[in-house]
Amino acid sequence: MDHSLGTIVLVAGGIGLLVVLRRLSRPVDAATLAAPTVPTLPFPAAEEPANDPDRLRIRNHYFRSFDSDTGPPDPECFYDELFVELEDTHTGGSWTVSYFVGTPGGIAQVMREEGWDEMFGIDLLIVRRFDLELILKSLLTRLEEQYEIAPEAPRDPHLG
Numbered sequence: 062m063d064h065s066l067g068t069i070v071l072v073a074g075g076i077g078l079l080v081v082l083r084r085l086s087r088p089v090d091a092a093t094l095a096a097p098t099v100p101t102l103p104f105p106a107a108e109e110p111a112n113d114p115d116r117l118r119i120r121n122h123y124f125r126s127f128d129s130d131t132g133p134p135d136p137e138c139f140y141d142e143l144f145v146e147l148e149d150t151h152t153g154g155s156w157t158v159s160y161f162v163g164t165p166g167g168i169a170q171v172m173r174e175e176g177w178d179e180m181f182g183i184d185l186l187i188v189r190r191f192d193l194e195l196i197l198k199s200l201l202t203r204l205e206e207q208y209e210i211a212p213e214a215p216r217d218p219h220l221g
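So the sequence shown is residues 62 to 221, counted in the numbering used here.
Worth double-checking, as some hints may not be accurate.
So the derived label-pair ranges between C-beta atoms look like this [said to hold, decoys possible]: (1) 152 <-> 173: 21 to 27 Å; (2) 183 <-> 131: 26 to 32 Å; (3) 128 <-> 184: 18 to 24 Å; (4) 155 <-> 130: 19 to 25 Å.
What the hints contain is simulated information worked out from the structure, not anything from laboratory work. C-beta: ideal position from N, C-alpha, C; glycine also.
Take these sequences, add in the hints, and give me the full structure.
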């Protein structure tokens, strides 16, 4: 069961990647671009100024298939799920998010191995080669940007 869930997640990530790659490969008139929508994330309510650069801290991180300190067997050809445990330094709240991280060659290899013609990805970071510092810095920057503009989801009064 755990293996099939991973396959489903991998398929979803790959499909998102294909959509992004197809969108990026087409010339687009800047006047026709719509403003992106940002989903509400499960961040705690902001009590301090949102532009505080030390608001979020990575407590822990790990990849599903390899050790993050040593990296993948081939740093220029990999695709894996990265789990990041975050902490809000002002409220003490913590949570875990996951992103798919890979190189174009690693993504192409997974698609060949799985026999996929396309794949989608929502939370995907594409890098040229494995660089843990770059990967973590990029994800933290993205999360901080989302944190600044994503308000706390309204609470359902019926749930208490």
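Cross-check of the supplied hints:
1. 152 <-> 173: 21 to 27 Å: Given range 21 to 27 Å: violated, Cβ gap about 45 Å.
2. 183 <-> 131: 26 to 32 Å: 28 Å, holds
3. 128 <-> 184: 18 to 24 Å: 21 Å, holds
4. 155 <-> 130: 19 to 25 Å: About 22 Å separates the Cβ atoms of residue 155 and residue 130, which means 19 to 25 Å holds.
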